[in-house]
Amino acid sequence: MPKGNLQAVLQTPLLVQPLYSNGKPHHVTLQYKVERKAWKHLEGREFEVVTTHLCWNDRIEAIAVQLPEWVPCCNKHPHITVSWIDGAAPVESNRMLAGQHNALEFNTRVSVRIEFKERRPKWWRFISSLLQKLITD
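Here the sequence shown is numbered in the numbering used here, starting from 32 and rising by one per residue.
Rather than coming from a laboratory, the hints here were simulated on the basis of the structure. There may be inaccurate statements among the hints.
[To be verified] Cross-link-like lysine-lysine pairs, in silico, DSSO-like; alpha carbons within 27 Å at most: (1) K148 x K107; (2) K64 x K107; (3) K64 x K164; (4) K68 x K148; (5) K34 x K64.
[Claimed, not checked] Across the chosen pairs, the derived CB separations fall in these ranges: (6) Q97 x S160: 15 to 23 Å; (7) L162 x K107: 16 to 24 Å; (8) V81 x Q131: 18 to 26 Å; (9) S52 x Q131: 35 to 43 Å; (10) R140 x D117: 29 to 37 Å; (11) H72 x T167: 37 to 45 Å; (12) E100 x S160: 31 to 39 Å; (13) E74 x A129: 27 to 35 Å.
Heads up, the beta-carbon is just placed ideally off N, CA and C, and yes, glycines get one too.
Take the sequences, apply the hints, and build the full model.
See below:
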């Protein structure tokens, strides 16, 4: 059975100017590389996340969030990745939030909806990234 990610997808845009050139804030990762059937009961549920801080270092920018207690999250520091530099990856938000970083208070509420995003095979992601580079260059 194919695996994927359970995400809380933003239903309203975040009004924040990205610090770096890559990325667009669009979700909170709740569960990573999981089977859909285990989380099907949560798909479509809507709720609000509370943002607490805009955080960044010299590679990546993210918004720390608080989730309702009933929402399962695999990350110790739930967040919305906002942007990152060339050569960095969105997953670095986890390390950044666990270590030293800059932070500004950023208090707001954001509507989200739980969705399951099936993971594509590595070769598919590689081809997609090449095509994206060709289109943007």
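Evaluated hints:
1. K148 x K107: holds (21 Å)
2. K64 x K107: holds (16 Å)
3. K64 x K164: Roughly 26 Å between the alpha carbons, so the hint for K64 and K164 holds.
4. K68 x K148: holds (12 Å)
5. K34 x K64: With a Cα-Cα distance of about 5 Å, the restraint between K34 and K64 holds, given a limit of 27 Å.
6. Q97 x S160: 15 to 23 Å: For S160 against Q97, whose Cβ atoms are near 33 Å apart, the range 15 to 23 Å is violated.
7. L162 x K107: 16 to 24 Å: violated (34 Å)
8. V81 x Q131: 18 to 26 Å: Given a distance of about 24 Å, which is inside 18 to 26 Å, the answer is holds.
9. S52 x Q131: 35 to 43 Å: violated (23 Å)
10. R140 x D117: 29 to 37 Å: holds (32 Å)
11. H72 x T167: 37 to 45 Å: Given a distance of about 39 Å, which is inside 37 to 45 Å, the answer is holds.
12. E100 x S160: 31 to 39 Å: holds (37 Å)
13. E74 x A129: 27 to 35 Å: This hint holds: roughly 29 Å between Cβ atoms.
Hints 6, 7, 9, counting from the list given before, are not met by this structure.
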